[in-house]
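Spelled out, the chains give:
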Amino acid sequence: MRRLRTHAVLLTILAGIAGLWSSPWPGAAVAAATGQNQTPAPSQQTEIELVIGAGDAGTPPRYAVPDFVAGSPDAAEIAKSIGQVLWDDLAFEREFYLIPRDTYSTIPPARSPEQVPFAAWRELGADAVFFGSVQKSGDKVVVQVRLFNVRTRQQVFSKEYSGTASNPRLYAHTVADEVHLQQRALRGVARTKLTFVSDRNKERLLGPVDNREVKEIYISDYDGANQRRITTTRQLNINPSWSPDAKAVAYSSYRNLTPQIFLSLIYQGVLENVTKNVGSNYMPVFSPDGTKLAFVSNRDGNTEIYVMNRDGSNVRRLTNHPAYESTPTWSPNGAQIAFTSDRSGKPQVYIMNAADGSNVRRLTVSESSADRATWSPAPFNEIAYAAQTGEWYDIKIHDLATGMVRQITFGEGSNESPAYSPNGKHLAFTSTRAGGLQVFTIGRDGRGLKQITRSGNNQTPAWSQ
Amino acid sequence: MVSSRRLGIAFAVICLVAAPACSRRKKPDTTPQPAPTIEAPAAVTPAPPPPRPGAQRVEDLQPTSPALSEDSVANRSLDELNRDSPLRPAFFVLDSSDLDEAGRSIVTGNVEVLKKYPQWVVTIEGHCDERGTAEYNLALGERRASAVKTYMVSLGIAPDRLRTVSYGKEFPFDQAHTEDAWSQNRRAHFVITAK
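Protein sequence lines correspond, in order, to chains V and C.
Reminder that position 61 of the first sequence reads as 61 in the numbering used here, one-by-one numbering, no gaps.
Reminder that position 161 of the second sequence reads as 161 in the numbering used here, one-by-one numbering, no gaps.
Please keep in mind that the hints were generated in silico from the structure rather than gathered at the bench.
Misleading hints may appear alongside valid ones.
One side of the interface only, derived from the structure: several residues of chain C facing chain V at Cβ under 10 Å [stated by the list, open to error]:
| no. | residue |
| --- | --- |
| 1 | F91 |
| 2 | Y117 |
| 3 | D160 |
| 4 | R161 |
Straight-line Cα separation of at most 35 Å, DSBU-like style, residue types lysine-lysine; simulated pairs [said to hold, decoys possible]:
| no. | chain 1 | residue 1 | chain 2 | residue 2 |
| --- | --- | --- | --- | --- |
| 5 | C | K195 | V | K202 |
| 6 | V | K80 | V | K140 |
| 7 | V | K80 | V | K136 |
| 8 | V | K193 | V | K140 |
| 9 | V | K276 | C | K195 |
| 10 | V | K80 | V | K193 |
| 11 | C | K115 | V | K276 |
| 12 | V | K136 | V | K276 |
| 13 | C | K116 | C | K195 |
| 14 | V | K202 | V | K136 |
| 15 | V | K80 | V | K276 |
| 16 | V | K276 | C | K116 |
Derived coverage of chain V by chain C (criterion: at least 3 residues anywhere in the stretch with Cβ under 8 Å from a Cβ of chain C; other residues may be distant) [to be verified]:
| no. | region |
| --- | --- |
| 17 | 63 to 75 |
| 18 | 314 to 328 |
We put the beta carbon where it would ideally sit given N, CA and C, even for glycine.
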């Protein structure tokens, strides 16, 4: 995967980065020289409009993603996969309207970029259409992708990627992220990952106890593909979270009997016991700059919030209250921490200064109980949490600018442990709605619910950068 | 005593027949293991396969020693003691870490056992039912374990013989989603960790 990414980055540099335009649809046009594209547009115009607008004002541009063309029979499966995953990735962000793929059957497939039947795509209502091809040679593939404005027939995006044939989805994810960046100035999530807790292996806990199943830490792509276990402790492991560089997962493990915070450098196979068996320690969360971890510990007798350096040094206590304090989450600039305390009698969300724990103020004032706050990344300025709604919980979001609270799940099972995507547009959370505990994602507007896990019980997701 | 000795022998026999399942409980593996390196590319790297049920590992083939002594409590292994524990769990009402009269009575009984075996060290596990968030229940489990420890210390048990740990709602005793199951799951469970 990293090898592939290196290739892609190299090619991106060679091709020149097309630049960023922030423009709301419909159709704000920005002109740019064709020389910024890897391949000149066939029309050889001196200027082309790189951002594809919608045909109808007030609606999102309509995109079509036909199957990629396989250069040989053994590339057919990869080509089919890339087309489908690209469609899914683009649909996930809901920046464009993705024309359903089963409506393309009347349109003759293009074997080359020159053969794209623009008139037929226009009849289908497409504003933008992809042409992609896959050449396979041994374990190597070369993927070419072009994006055309259907009305002007101009090419607005052209890239070539090369790498291994083992994870075709990554080519699609890379294209989706680059197209979102170019067309919408949006940081897409197609190459991000989730980490979560699962008991799917149904292994019995080691140790002299009653019937208990181990829970291990897993990672997966943002869409639930490529789910893999990263711990093999045969113990209880909970509260995973990503480092900002997405190369490490911090979590709480009971492998030494009491829960300790471990830092796993997942691509190096390096594991560090950060809290070194001092008390019980939970819920590690990295500061936005990646240098510190906020966490929860009972090392001084009561459950309080602490901050330490990433290597476990310089432990500082931030809260000091006879109630319990838990579930820290950093503000995007690292200056504040939101957390849960039951100092009012029931768990509620509070905010304090991250430097010294000062300036504590209560955020949730109209919930019977609120827990596990998660602070959105910019540009959104909001905090999501699990609120008690009757016997169980639903996800709500508190807008920090207006103080308005909106609910995004509505009583389908219990919904807990929200975690924002790095672009702030989505949340992952745990729900009982499908039986057992499963991880779901949903838009911050409450739309686009998607089930990520299905095997065993899965809980407490965290979303990588 | 006789009956537990018989149980011990019976268990040893079962273990000889079905060694893997029994000795899986033998001892907690406290050695930190490095996470496996995950190599790119992802698609061809399978997850570490779970051990097949019934798959025998070398250490699984060591049968547990049968308990043959006259004092079947003092001479049993920790695993045997905890499997048929003289320490009984104490239960709590919803969202509470207060020991009620029934709970105090159970803990008092456990204190008597610990006074009889002064070398025992015990871990008090705090557990919760599935209501309340996973995060809240970790704190509630801490409080339950701490409340039990405080009460046992007040009855004369040295604090350094009592360790506490919270499992929140991660290990329900009864997996069902009923009031009856929940009442079983709100508990302080006692594990003898040294003798």
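Against the structure, the hints come out as follows:
{"no.": "1", "hint": "F91", "verdict": "violated, 15 Å"}
{"no.": "2", "hint": "Y117", "verdict": "violated, 16 Å"}
{"no.": "3", "hint": "D160", "verdict": "violated, 15 Å"}
{"no.": "4", "hint": "R161", "verdict": "violated, 15 Å"}
{"no.": "5", "hint": "K195(C) - K202(V)", "verdict": "holds, 31 Å"}
{"no.": "6", "hint": "K80(V) - K140(V)", "verdict": "holds, 17 Å"}
{"no.": "7", "hint": "K80(V) - K136(V)", "verdict": "holds, 13 Å"}
{"no.": "8", "hint": "K193(V) - K140(V)", "verdict": "holds, 24 Å"}
{"no.": "9", "hint": "K276(V) - K195(C)", "verdict": "holds, 25 Å"}
{"no.": "10", "hint": "K80(V) - K193(V)", "verdict": "holds, 23 Å"}
{"no.": "11", "hint": "K115(C) - K276(V)", "verdict": "holds, 32 Å"}
{"no.": "12", "hint": "K136(V) - K276(V)", "verdict": "violated, 49 Å"}
{"no.": "13", "hint": "K116(C) - K195(C)", "verdict": "holds, 12 Å"}
{"no.": "14", "hint": "K202(V) - K136(V)", "verdict": "violated, 39 Å"}
{"no.": "15", "hint": "K80(V) - K276(V)", "verdict": "violated, 49 Å"}
{"no.": "16", "hint": "K276(V) - K116(C)", "verdict": "holds, 34 Å"}
{"no.": "17", "hint": "63 to 75", "verdict": "violated (count 0)"}
{"no.": "18", "hint": "314 to 328", "verdict": "holds (count 3)"}
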